[in-house]
Amino acid sequence: MSLADSIRSKELEEVKGFVNAQKYWEDESAIYQQCDIFIPAAFEKTVNANNADKFNCKIIAEGANGPTTMAAEDKLLAKGVIFLPDILLNAGGVTVSYLEWLKNLKHINPGRMTRRWEEQAKHRILEVIKMSTGLNINIKDSKLAKKMLEGPSETDLVHTALEQSMIEAVKNIMATSQEYKVNLRLAAYISAINKLNEHFEISGVEA
Numbered sequence: 001m002s003l004a005d006s007i008r009s010k011e012l013e014e015v016k017g018f019v020n021a022q023k024y025w026e027d028e029s030a031i032y033q034q035c036d037i038f039i040p041a042a043f044e045k046t047v048n049a050n051n052a053d054k055f056n057c058k059i060i061a062e063g064a065n066g067p068t069t070m071a072a073e074d075k076l077l078a079k080g081v082i083f084l085p086d087i088l089l090n091a092g093g094v095t096v097s098y099l100e101w102l103k104n105l106k107h108i109n110p111g112r113m114t115r116r117w118e119e120q121a122k123h124r125i126l127e128v129i130k131m132s133t134g135l136n137i138n139i140k141d142s143k144l145a146k147k148m149l150e151g152p153s154e155t156d157l158v159h160t161a162l163e164q165s166m167i168e169a170v171k172n173i174m175a176t177s178q179e180y181k182v183n184l185r186l187a188a189y190i191s192a193i194n195k196l197n198e199h200f201e202i203s204g205v206e207a
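Residue numbering for the sequence shown follows UniProt numbering, starting at 1 and increasing by one per position.
FYI, nobody ran anything at the bench for these hints, they're computed from the structure.
Remember, it's a predicted structure, so these values are computed and weren't measured experimentally.
Worth double-checking, as some hints may not be accurate.
Stated by the list, open to error - Derived pair list, reagent style DSSO-like, types lysine-lysine, alpha-carbon separation capped at 27 Å:
(1) 79 x 181
(2) 103 x 130
(3) 58 x 79
(4) 103 x 195
(5) 130 x 146
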């Protein structure tokens with residue numbers, strides 16, 4: 001697609017009808033093409049018992065809630081297809097909602113108390129480097145240097161917190177999968193139940 005077509009697609013909110021467009025599939029057969037990773041990211045039960053045998057992918061990465069039925073998963077697991085489950089892969093939105101909830105509890109934007117302090121600390125470090133090396137570093141002429149010296153914005157903090165949460169979740173579920181010799185979906189459920197059990201024990205609640 002050309003740049004002009006890209007601009008027009010944004011105006012029209014679709015690419016259908018462009019003179020230079022090429023149509024490869026008339027129906028849903030696009031999702032059955034051979035590929036490494038298939039990402040169902042729209043509807044529930046996209047992968048079901050009726051169409052499971054048609055998929056030609058190595059990995060199904062669930063970007064929607066419940067895009068695969070149990071019957072379909074059993075069929076595809078038997079074929080060696082790896083599932084990245086929705087409970088893990090689609091957890092970003094819920095995680096950010098939790099961060100927003102924490103923000104609302106405190107009634108203050110994340111980073112507001114520390115952003116300027118971090119900027120000043122970075123500038124002081126830069127001054128020490130300049131004094132100890134004799135280098136003449138002019139940050140006014142460098143957008144990259146200015147960016148590096150900025151304190152984190154609320155968006156920066158949310159992105160890094162989300163990234164760290166997802167990294168920890170993936171590591172935990174991978175370890176659980178290896179420990180119990182189960183697939184990633186079962187490992188995610190086991191991990192969640194274990195966390196609940198730990199919380200109940202700490203709280204003195206009998207599970």
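Against the structure, the hints:
1. 79 x 181: holds, 18 Å
2. 103 x 130: violated, 38 Å
3. 58 x 79: holds, 9 Å
4. 103 x 195: Distance ~24 Å between residue 103 and residue 195 Cα, so the pair holds.
5. 130 x 146: holds, 16 Å
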